[in-house]
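Trainee: Sequence:
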Amino acid sequence: MTSTRTNTSTRRSRPQRAYVISSVLGAAIGLLFVLPLLWALISSLRPGAEVLRFLNPLQWHTFVPSALTFDNYVALLETKLGIGILNSLIVSFVTVLFGLVVCAAAAFALAAIPFRGRGAVFGIIVLSFLIPFDAIAIPLADLFRDWQLQNTYTALILPGIGNGLAIFMLRQFFLAIPKELVEAATLDGLGWFGVFRRIHLPLSVPPLIGAGLTLFLFQWQSYMWPLLIGTDTQHTVGPVALAGLEGEFSVDYGVLFAGAIVLTVIPLVIIMSLQRYFIHSVSTSGMK
Numbered sequence: 001m002t003s004t005r006t007n008t009s010t011r012r013s014r015p016q017r018a019y020v021i022s023s024v025l026g027a028a029i030g031l032l033f034v035l036p037l038l039w040a041l042i043s044s045l046r047p048g049a050e051v052l053r054f055l056n057p058l059q060w061h062t063f064v065p066s067a068l069t070f071d072n073y074v075a076l077l078e079t080k081l082g083i084g085i086l087n088s089l090i091v092s093f094v095t096v097l098f099g100l101v102v103c104a105a106a107a108f109a110l111a112a113i114p115f116r117g118r119g120a121v122f123g124i125i126v127l128s129f130l131i132p133f134d135a136i137a138i139p140l141a142d143l144f145r146d147w148q149l150q151n152t153y154t155a156l157i158l159p160g161i162g163n164g165l166a167i168f169m170l171r172q173f174f175l176a177i178p179k180e181l182v183e184a185a186t187l188d189g190l191g192w193f194g195v196f197r198r199i200h201l202p203l204s205v206p207p208l209i210g211a212g213l214t215l216f217l218f219q220w221q222s223y224m225w226p227l228l229i230g231t232d233t234q235h236t237v238g239p240v241a242l243a244g245l246e247g248e249f250s251v252d253y254g255v256l257f258a259g260a261i262v263l264t265v266i267p268l269v270i271i272m273s274l275q276r277y278f279i280h281s282v283s284t285s286g287m288k
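Numbering (the UniProt record's numbering), first residue to last: 1 to 288.
Hint data in this document are derived by calculation from the structure and do not stem from the laboratory.
Small disclaimer: the values here were computed from a predicted structure and weren't measured.
Don't be surprised by glycine CBs; every beta carbon is placed ideally from N, CA and C.
It is possible that some hints are incorrect.
What the hints assert, rightly or not - Listed next, with one range per pair, are the computed distances between beta-carbon atoms:
1) Arg17 x Leu187: 54 to 62 Å
2) Trp60 x Arg17: 28 to 36 Å
3) Tyr223 x Thr152: 15 to 23 Å
4) Ala105 x Thr231: 31 to 39 Å
5) Ala40 x Ala176: 37 to 45 Å
Go ahead and model the full structure; you've got the sequences and the hints to work with.
Mentor: Listed below in structure tokens is the structure:
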């Protein structure tokens, strides 16, 4: 009897032990990801001369400052980072607006309209987001200069509108919409545009938000393309303006980290407020 109780207790304790171990392991891995961001945040609240002072060897002062100061954030007001952030917001939101129209229409055509070569077109689109954009940035910039589009918002926005990953995500969701629903709408007299506007779009709000976040992040963190095509002050975006904070002979790391935190917080707030839609869109992208 005692042996039976012991075996039952052992069987019950194993899942609990596994849960505790997996929780501790997950917390440790999460801490590894958080530490660099925490160090950057603490560094933005220190005088620039003390940022690297406690880095080697690591000690508790590395993550716990003796005094906090917001001077670095105040100093940002005298730089051109504000114009860069404003340009990044303009470029990102306009890209989301026009990009969703283009990507949703392309995804609908690939998912619902039967035409010859549809598989080949979809294969090219998948291939397009597997090729790093930086690999084609320089010849594309030459082409845009020939079109007299350098230092224009049009040049900053255009490459981000047709995003292969966003088309892929939306197509996968559109494929899950029952064909019977589309056939019934067609019998009622709706054309392809009506089916797209009245059936697919209303059912696809979470995937559309997820695709919009993909387009937003693509433009927000873009560096190489704006550096090539937006060379004047009026068209400098946030990441390029942040790189411009480095002086020719000295670097104020406190101001640099403060700028990096500001550039991180803005998309973080947007993603956290819409994360459930993004997770839903990613989870449904593999339904078919």
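Trainee: Each of the hints needs a verdict: does it hold here or not?
Mentor: Verification of the supplied hints:
1. Arg17 x Leu187: 54 to 62 Å: The hint (54 to 62 Å, Cβ to Cβ) holds, given that Arg17 and Leu187 are roughly 60 Å apart.
2. Trp60 x Arg17: 28 to 36 Å: holds (32 Å)
3. Tyr223 x Thr152: 15 to 23 Å: holds (18 Å)
4. Ala105 x Thr231: 31 to 39 Å: Between Ala105 and Thr231, where Cβ atoms are some 33 Å apart, the hint holds.
5. Ala40 x Ala176: 37 to 45 Å: holds (40 Å)
Comparing the model with each earlier hint shows no violations; every hint is respected.
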